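Number of protein chains: 2
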Amino acid sequence: MKFNIYLETRRALIDHALETFFVERQRTKEGPFAILYEAMHYCLFPSGKRLRPILTCAAAESVGGETQDVLPIACAIEMIHTYSLIHDDLPAMDDDDYRRGQPSCHRKYDEATAILAGDALVTEAFGLFSEARKKMNISAETLLEIIEDVAMACGTSGMIGGQHLDIQFQKKGDDEINYPELEFLYIRKTGNLILAAITSGAKAAGGTPEQLKALLRYGENLGLAFQVVDDILDMADNYKGPIAQKKVSFPSILSLDEARQRSRELASRAVEALSLFGEKANPLRDLAEYVVERKE
Amino acid sequence: MKFNIYLETRRALIDHALETFFVERQRTKEGPFAILYEAMHYCLFPSGKRLRPILTCAAAESVGGETQDVLPIACAIEMIHTYSLIHDDLPAMDDDDYRRGQPSCHRKYDEATAILAGDALVTEAFGLFSEARKKMNISAETLLEIIEDVAMACGTSGMIGGQHLDIQFQKKGDDEINYPELEFLYIRKTGNLILAAITSGAKAAGGTPEQLKALLRYGENLGLAFQVVDDILDMADNYKGPIAQKKVSFPSILSLDEARQRSRELASRAVEALSLFGEKANPLRDLAEYVVERKE
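Going down the list, the sequences are from chains Z and P.
Mapping to this note's numbering: the first sequence position 61 is 61, numbers consecutive.
Mapping to this note's numbering: the second sequence position 103 is 103, numbers consecutive.
A couple of the hints might just be wrong.
Given that identical chains are not distinguished, each listed pair holds provided it fits within a single copy or across any two copies.
As the list claims (entries may be wrong) - Taking lysine to aspartate or glutamate pairs in the DMTMM-like style, the calculated list, with each CA pair at most 25 Å apart, reads:
no.: 1; residue 1: K2; residue 2: E176
no.: 2; residue 1: K134; residue 2: E210
no.: 3; residue 1: K135; residue 2: D69
no.: 4; residue 1: K172; residue 2: E258
no.: 5; residue 1: K295; residue 2: D95
no.: 6; residue 1: K295; residue 2: E183
no.: 7; residue 1: K135; residue 2: E293
no.: 8; residue 1: K172; residue 2: E38
no.: 9; residue 1: K135; residue 2: D175
Since the hints were made in silico from the structure, they are not lab data.
Since the model is a prediction, treat every value here as computed from it, not as a measurement.
Starting from the given sequences, assemble the full structure and let the hints guide the process.
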């Protein structure tokens, strides 16, 4: 109950900050880019879980910061996540017609607009990071470190590399992929950005090296738990296209029961990693349970 | 002759710095992303004109800096330019089969790899900007300002918006687009990144506000001159796909002679803007002539 209120208030703050981004950009800019802004907005809203930006906020709180302090960073993280979904949904990639309960970007608009809306979201996200120094009490050095972390997490050897590997894996059969290979892929495809969401919140709020180390262990386990559950949910999701249904995934390599068991183990390890934190880390603890018990 | 040597030495330095990026990334990274790194490398080399990173170097020199000081920034600019070419060439966009004298990325690899190689180049570029503080004598504040400038130049109301507008314009006929509309589009699609290449070099090398103001005027005129000449050359380029041949462009709205005339006027204005600079700005002056007289 109390945690539900926590989630709702964080979502409201994040959604409001994302809306502000559009208001600030469009107020001072010309009208010819209206469709592109609209497509970006369409994909960012309806709101979705907002798991990654909430993790940024909760990580900041765990080291003594406030959600308000890290909102620009949380928004940039969500924009990067959304761009990755838009591009992953493209016909040349996973070919998904639906996303967040509505037609995917290239179905609602067209492929060119979807490619460009994704490009714009990632570019504007990096702009938002660098602008953040005007809105947050943060040193320029720390901000550059966060940008570097995020670029690494989402780069060729991170999220983008993971997606590329996933496409290659989908061309193989289940019996050609083993569990360590799949884990390797998912740590990059999904885990890295979740981890960067957590560490950037903590760094922005002045976390100590010891705290960061613990949050790193929390994030590694949480990111993988999240993906295992995502795979389990994908199996039952009628909205998904044929590729998503057939795909190599945790429950296709493990059994469904083993996959559920594995996700709970990972979430427990995530919580254990928080032992040095007091009750300020309770939202992070609740988020670990939320990630494995969620139904969507 | 002397200017040719200038171009060649700058190109060699930039190419070497770009190669170093791959060596540094691949040495410490796992092998599974080899195809993606290869696709990024394939698109960055063969070298091309390297106009934008050379402008970064020449702008740094004009305010008393050295090419060596701004190489990470010059490389990041070239990576952003290359990403934009890869995505623009996609079937859903301009549908170009050739680029820089070789099959375009999606023709050499596949569409998914081309989308992701582009995504990776822009992401790694922002990573390179933020890493630059370790290799360059530059303040974190200035670096953040440069990142913000570049993100704005390449964002929704900049390069990406310009490309989106271009696609919409191509669906109309010549008689529905007027010269100011086309100029508006090109300032965003091409001009903004050229301008950001120049100002980021000058800012990184400690240019004064007065110098930056002059370079801004130089860059605005040069960027537009470049695009007018690009359109003239496109008309005669057999490699280009059918869309490029038919497209709404400066010489399709103006006459070919008027377009040539316009490009020379713009280049003259660019050079005039440099009046407060001494001979350290000679490479910038020569570059203005090079841009309008080039044959490719």
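Hint by hint, here is what the structure shows:
In the homo-oligomer, the alpha carbons of K2 and E176 never lie at most 25 Å apart, since the shortest distance is 45 Å inside one protomer and 59 Å across protomers. Taking the shortest alpha-carbon separations for K134 and E210, only the inter-copy value of 24 Å comes in at or below 25 Å, while the best intra-copy value is 28 Å. Taking CA atoms no more than 25 Å apart as the test, K135 paired with D69 passes inside one copy only; the shortest distance there is 8 Å, against 30 Å between copies. In this assembly of identical chains, the alpha carbons of K172 and E258 lie at most 25 Å apart only when taken from the same copy (22 Å versus 57 Å across copies).
For the homomeric pair K295 and D95, the shortest alpha-carbon distance inside one copy (23 Å) is at most 25 Å, but the shortest distance between copies (41 Å) is not. With identical chains, the CA atoms of K295 and E183 are at most 25 Å apart within one copy only, with a shortest distance of 22 Å there and 51 Å across copies. When the C-alpha separation of K135 and E293 is checked against a cutoff of 25 Å, the pair qualifies neither within a copy, at 35 Å, nor between copies, at 46 Å. With identical chains, the CA atoms of K172 and E38 are at most 25 Å apart between copies only, with a shortest distance of 21 Å across copies and 38 Å within one.
With identical chains, the CA atoms of K135 and D175 are never at most 25 Å apart, being 51 Å at best within one copy and 46 Å at best between copies.
Of the numbered hints stated above, those contradicted by the structure are hints 1, 7, 9, listed in ascending order.
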